[in-house]
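Each chain is listed here by its residues.
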Amino acid sequence: MVSTGCVIKDPGNSKKNKTGSWRTFKPVLDKEKCIGCDKCVMFCPDAAINKDHDINYDYCKGCGICSAECPVKAIEMIKE
Amino acid sequence: MTKEVMTANKAVAEAARLVKPKVIPVFPITPQTSISEYLAQYVADGDIDAKYVKVESEHSAISAAVGASGAGVRVFTATSSQGLMLMHEIIFAAAGMRVPIVMANANRAISAPLSIWNDQQDSIAQRDAGWLQTYVEDAQDALDSTLMAYKISENDDVLLPSMVCLDGFILTHTVEPVDIPNQEDVNKFLPSYNPKHSFLDPKEPMTLGALADPGYYFEARHAIEIGMEKSIDVIKKTCKEFEEIFGRKYDLVENYKCDDAEIVLVAMGSVCSTIKAVIDELREEGEKIGLLKIRVYRPFPVDEINDAIKNCKKLSILDKNITFGIGGALYSDIKAKINKETYGFIIGLGGRDITPDTIKEVYEKTKNPEKDVTWVGLKKEDD
Amino acid sequence: MKLPEEELLSSGHRGCAGCGASIGVRLALKALGRNTVAISATGCLEVMTTPYPETSWEIPWIHVAFENAGAVASGVESALRIQGKDDVNVVAFGGDGGTVDIGLQSLSGAMERGHNLIYICYDNEAYMNTGIQRSGATPFGASTTTSPQGKNSFGEDQHKKDMPMIMAAHGIPYVATASISYPQDFMKKVKKAAEIDGPAYIHLNQPCTTGWGYDSSKTIELGKLAVETGAWILYEIENGEFNLTHNLRKRKPVTDYLGAQKRFKHLQDKEKEEIQKYIDAQCAKVGIE
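Protein chains in written order, with the numbering used here: chain A, -14 to 65; chain B, 2 to 384; chain C, 140 to 428.
This is chain A alone, in the form it adopts within the complex:
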């Protein structure tokens, strides 16, 4: 059954939708090279990179923005 007026009372529950399955290329971070500038965190459309720069592959769609914007080229896109 639907809720009254289709109101959704479970904020942020889209997390159960694992968009990682869309991915064809996978970003892999070389933590040795990382300078901690947070650009990848800031620009990720899917909030899939946390403050420790761990990439959450459950949600990463493989767009490649993090790799393109990394100033030290620490993120490589690898075909899945």
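All the given hints hold, so there is nothing to weed out.
Pairs of lysine to aspartate or glutamate, DMTMM-like flavour, derived with a Cα cap of 20 Å: (1) Lys0/A <-> Asp214/B; (2) Lys141/C <-> Asp39/A; (3) Lys204/B <-> Asp226/C; (4) Lys141/C <-> Asp37/A; (5) Lys327/C <-> Asp23/A; (6) Lys0/A <-> Glu205/B; (7) Lys3/A <-> Asp214/B; (8) Lys204/B <-> Asp(-5)/A; (9) Lys197/B <-> Asp(-5)/A; (10) Lys55/B <-> Asp336/C; (11) Lys0/A <-> Glu145/C; (12) Lys58/A <-> Glu360/C; (13) Lys0/A <-> Glu146/C; (14) Lys11/A <-> Asp354/C; (15) Lys204/B <-> Glu145/C; (16) Lys224/C <-> Asp202/B; (17) Lys224/C <-> Glu205/B; (18) Lys1/A <-> Asp214/B; (19) Lys3/A <-> Glu146/C; (20) Lys224/C <-> Asp50/B; (21) Lys(-6)/A <-> Asp202/B; (22) Lys1/A <-> Glu146/C; (23) Lys36/A <-> Glu145/C; (24) Lys(-6)/A <-> Asp157/B; (25) Lys(-6)/A <-> Glu220/B; (26) Lys231/B <-> Asp252/B; (27) Lys1/A <-> Glu145/C.
Just so you know, the hints here were simulated from the structure itself, not pulled from any lab data.
Assemble the complex: chain A is given as a structure, and chains B and C must be docked to it using the hints.
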């Protein structure tokens, strides 16, 4: 309780004051205008503690109303005719989002040709939206129906918006004596609005107005139908509670001398007063005629109609609207739901006078029917 | 500004890989924080974040229709303020279609009435939700499905509607342009908009991988190119005072920007020159060389 002589527009504004809405987004339009003016003055004078949102259109009036009601506060708005047409898309959204807005509609014809005069085409054209619709007969009915509309719409079994329809000019601009209930009685009748299903609060985040794919949409629309069906009992119960507190009796329909009538006229709104006077006159001449007033048009009170007309032979349905190619909307509804010899009459479009003779002509044409649907009051070719 | 960690637009939304709108909304919500109510016009953002029973919104959110985000926000704001909730941020998001075209009247009313709210137009320069039809914000020369290039057409034949200046003409306390590619500048402007008492309007340029035709990894790069070529100018107008917020010393030729996108691929030199001339004039108006 105080008694005052006033228009139905003032009576509606008085009701709106008494229910203490928190947000009033309203845009003026003839013949609703004085409602928006009275409310602006009440807010300016501090008689209502509300935000009066001076919107730039009716579309924004209803949009702001949905936003405010969705946010969790009681809302009042009012419109008419072209304004209601402009609201059309959001009228459906309001019902779908289950926001219990109450809106008065001063019934007026629809352009083209442009007309400011009365008929009921405007609200009839919204009948499929999922709003409850009450057609009032006089100014007192306008006030009382507005009060009751909140209690009905805000009921957890209903949670659908309400439209209180009052005939333009005939009611909106005519003065009559009206009992104004006192605030304590209204407070007793209508508790404050504390919605559980929908509000906007950062402490308890909700998403309102989501999109639904074919896996959910069907059930969402069905839920509106269930709300509409359940509203029948809620309306009856509310009318009883209203009578206990305020002493005035209302129901979904009004049976006026139907029980022994051979022909029953069926109509909505202010024309019912004219019809009652004609019935009294014809009854003295021995005619077996009655009136079934449809006070609540949505939900459609099928059982109450059947009960009232069970003894009669024929029905004549008077519509101040036209569904082109079919006849009046009330006529087609009755044809669909009621098993009785039925004739339809289109009357009074765009303010064409409805006199006792109009009603007598309807009665005669029902006794000696020529066709299913007749327009009564048209000028002759050479007029 | 340190980037707040809290994600208020959660993962799992259905935006395209490389979606610029999601970046914009994520950043705006980081700047605003949890004590915020959001309103959305119908469009990409609404569709991709709220397919029932899922929502990506961690804060209260409401959508009613395409053309009425300004009016719905007015109702929400009025309801909150009358309850004494003066500290809650009210932010409305509309795409360029919902803002510069079908929602213009509703937005104009909201701005003119002085509601204390922020309206952010996420501008991807066409109706992307329905599959790349032109809007009043589509730039000259762009090929869209309703302004297609063809034997007798070079694509969109009108320049972009100057929406931020239309908003500024309302005399509201704060108007700004921004780009998702300049996140610090954008978030600073959102914070400022929240602190100001009264209506604020931010027009956010937001490249769209699907509609503009570039590789999904280049969303930020395209946003930068728009600014570096002067095709998108970053400024703010605070209480009537105009200030550029990005120091553009040497503009890149617009061909750098046009050449990176499929929607402009068909353009001949004649049209490219006209675009360059138009940008030169726009920049000259605000004192950019």
